[in-house]
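Please take these sequences and the hints and turn them into a complete structure.
Each residue of the sequence shown is one higher than the one before, starting from 0 at the first, in numbering that gives the first Met the number 0.
In short, the hints are calculated from the structure, not lab data. Take the hints with a grain of salt, since some may be wrong.
Across the chosen pairs, the derived CB separations fall in these ranges [stated by the list, open to error]:
| id | residue 1 | residue 2 | range |
| --- | --- | --- | --- |
| 1 | N180 | T110 | 54 to 60 Å |
| 2 | A117 | S57 | 50 to 56 Å |
| 3 | T105 | G72 | 32 to 38 Å |
| 4 | T116 | T173 | 24 to 30 Å |
| 5 | A95 | T70 | 25 to 31 Å |
Here the structure is a predicted model, which is why all the values come from computation and not from measurement. Note that the Cβ used here is the ideal one computed from N, Cα and C, for glycine as well.
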Amino acid sequence: MSKSKGRKLAEWLRNLDSNSLAGTNSLAEDSVGSDQLAHDLALQGNPTVATQSSGNSSTQIATTAFVADATSGLATNSNLNSKAPIASPTFTGVPAAPTATAGTNTTQLATTAFVTTAVAGATIDGISTSADAIAITIDSSENVGIGTTTPGHKLDVNGQINTTTLSIGGTAITATAAELNYVDGVTSSIQTQLNSAASTGKAIAMAIVFGG
Numbered sequence: 000m001s002k003s004k005g006r007k008l009a010e011w012l013r014n015l016d017s018n019s020l021a022g023t024n025s026l027a028e029d030s031v032g033s034d035q036l037a038h039d040l041a042l043q044g045n046p047t048v049a050t051q052s053s054g055n056s057s058t059q060i061a062t063t064a065f066v067a068d069a070t071s072g073l074a075t076n077s078n079l080n081s082k083a084p085i086a087s088p089t090f091t092g093v094p095a096a097p098t099a100t101a102g103t104n105t106t107q108l109a110t111t112a113f114v115t116t117a118v119a120g121a122t123i124d125g126i127s128t129s130a131d132a133i134a135i136t137i138d139s140s141e142n143v144g145i146g147t148t149t150p151g152h153k154l155d156v157n158g159q160i161n162t163t164t165l166s167i168g169g170t171a172i173t174a175t176a177a178e179l180n181y182v183d184g185v186t187s188s189i190q191t192q193l194n195s196a197a198s199t200g201k202a203i204a205m206a207i208v209f210g211g
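Written out as structure tokens, the structure reads:
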């Protein structure tokens, strides 16, 4: 470095105070070589430079105004306080999430669309695919049909029922299947049939006794 350039650089650094970069002092490329500017500079006071245009991405000095403009859209502590925490968040409004692929079985969030698809395609273990259509039906009146798609009662079964106990209106049926089968074929009032049988038996007995 020549002595004249060294003196100019020293003078420029001495004058670099809170007001030096505001207007009058400048360091032109023709006054000091670029190799002298490569050294670390310890600036003091409140040095200022021109604020670069928004979006500038270069090695130019960034002023506090440039930084404030660039970070104006970022979250701050004040608005972060109103956000849900990562651990055990409580959402409000109508939170949304991506719908997982049907059949996904992980800890991924399940949306209403995922659940609707899963329920629509649900089957019951032990029921063949061909029987799914009429295996079990629950209508809008909450009638349950087994083997029928049009249940007319709270429980409507189209087929044979096998049960160990049976109650009607809260009263348990204590008769055995064999006892219930005694009335098989009865087509009218049992009392009427008993009375008729008694009359017939009485007539036969009298005929035997009296030889009628």
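Problem - Hints violated by the structure (numbers, ascending) - result: Structure breaks hint 4 only.
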